[in-house]
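2 protein chains.
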Amino acid sequence: MQLGLAAWHRYMQTGDMALLEALVAPDAVFHSPVVHTPQEGRAKVVMYLGAAGQVFADTGFTYVRELVDGAEVCLEFTAKVDGVHVNGIDLIRFDLEGRIADFKVMVRPLKAMNKLWEMMAAALEKH
Amino acid sequence: MQLGLAAWHRYMQTGDMALLEALVAPDAVFHSPVVHTPQEGRAKVVMYLGAAGQVFADTGFTYVRELVDGAEVCLEFTAKVDGVHVNGIDLIRFDLEGRIADFKVMVRPLKAMNKLWEMMAAALEKH
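Protein chains in written order, with the working numbering: chain X, 5 to 131; chain P, 5 to 131.
Some hints could be false.
Put simply, identical chains are the same to the list, so a pair is met inside one copy or across any two.
Below, simulated SDA-like cross-link-like pairs (lysine to any residue); rule was C-alpha separation at most 25 Å, straight line [what the hints assert, rightly or not]:
hint, residue 1, residue 2
1, K115, D86
2, K115, E44
3, K84, E44
4, K115, T82
5, K119, H89
6, K115, D73
7, K130, L100
8, K119, G19
9, K119, G54
10, K115, A127
11, K119, Y67
12, K115, Q43
13, K119, A75
14, K84, K115
15, K130, M21
16, K84, V38
17, K119, M16
18, K48, A29
19, K130, D73
20, K84, A26
Since the hints were derived computationally from the structure, they do not count as laboratory data.
Let the sequences and hints guide you as you build the complete structure.
Laid out in structure tokens, this is it:
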């Protein structure tokens, strides 16, 4: 699991999509901050995380708090997207092989959620 | 810290406001899921947590995941408020005496945030 978390940080530093693909389990699930319905399967998870990567490029995205408890981690981040302060968490569960099994994102405040919704929709349209 | 977390769970089970007051540090800070500006001081923290308690009464509020890492905990919850699925986290930092020093809430999806904003405003008006 520690290897999985280290690999996640490496992906965040490099933006290496091949690394991300290898890190996400085939049956992984992504939970959007905006929408209730889970997105299932590696292809969708990679698509959403890739789009998030585009949205957060050059926003000063920084992890400011990290909780690790067994196979679960909670990474709190801050960023400034299009002038709007974004504070959020990545809540990740790794499987026994250290791959991402479940990835949930929450953000605050309301203004940030509305901004991200707009930006994510634009980023996902390119796919 | 473990005592602080146990006391928090006891408060959640009993709704005992005296227990909550004793559990919150004098200089504690509350971070709303909706608004950017932190709410500082025990009185405000207790007021917000009390209002949240009213909003989540009889909603099937349940903690579904708990991460503990030193003095920090992340408690994930689910509830159904006025027909709307709410998924969120309480991200709590305890001080050395096991009191709540920092309490941050995030919720998803967007529909849940809008619903909670409406309900919290109504609950806070009573104060």
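Taking 25 Å as the upper bound on the Cα-Cα distance, should K130 and D73 be classified as within, between, both, or neither? Cα proximity of K130 and D73: none, with 36 Å in one copy and 39 Å across.
If the cutoff is 25 Å on CA atoms, where do K119 and A75 land: within, between, both or neither? Let me know, please. Classified as neither: same-chain Cα gap 31 Å, cross-chain 32 Å, threshold 25 Å.
Legend entry - Identical-chain pair category, K119 with M16, by Cα at 25 Å: Intra 21 Å, inter 33 Å, cutoff 25 Å: intra-copy only.
Next item on the list: Measure nothing new, just compare the shortest in-copy and cross-copy C-alpha distances for K119 and G19 to 25 Å and report within, between, both or neither.
Entry: within (22 Å within a copy, 36 Å between copies)
- Task: First find the shortest C-alpha distance between K130 and M21 inside one copy, then the shortest across copies, and answer within, between, both or neither for a cut-off of 25 Å.
- Result: For K130 and M21, the Cα distance is within 25 Å only inside one copy (16 Å; across copies 51 Å).
**Message:** If the cut is 25 Å between Cα atoms, do K115 and D73 qualify within a copy, between copies, both or neither?
**Reply:** Neither. Shortest intra-copy (30 Å) and inter-copy (30 Å) distances fail the 25 Å Cα cut-off.
For the identical chains here, do K115 and Q43 meet the 25 Å Cα criterion within one copy, between copies, both, or neither?
both (24 Å within a copy, 17 Å between copies)
Worksheet item: Given a CA cutoff of 25 Å, do K84 and V38 count as a within-copy pair, a between-copy pair, both, or neither?
Response: both (18 Å within a copy, 16 Å between copies)
#### Entry: Alpha-carbon proximity between K84 and A26, which holds within one copy, between copies, both or neither at 25 Å
neither (29 Å within a copy, 36 Å between copies)
* Asked: Is it within, between, both, or neither for K119 and G54, if the alpha carbons may be no more than 25 Å apart?
  -> within (17 Å within a copy, 29 Å between copies)
Original post:
Checking K115 and E44: alpha-carbon separation at most 25 Å within a copy, between copies, both or neither?
Top reply: This pair counts as between: shortest inter-copy Cα distance 21 Å, intra-copy 27 Å.
*Between K119 and Y67, at a C-alpha cutoff of 25 Å, which is it: within one copy, between copies, both, or neither?*
Within one copy, since 19 Å is at most 25 Å while 28 Å is not.
This entry does not satisfy hints 6, 7, 13, 19 and 20, going by the numbered hints stated previously.
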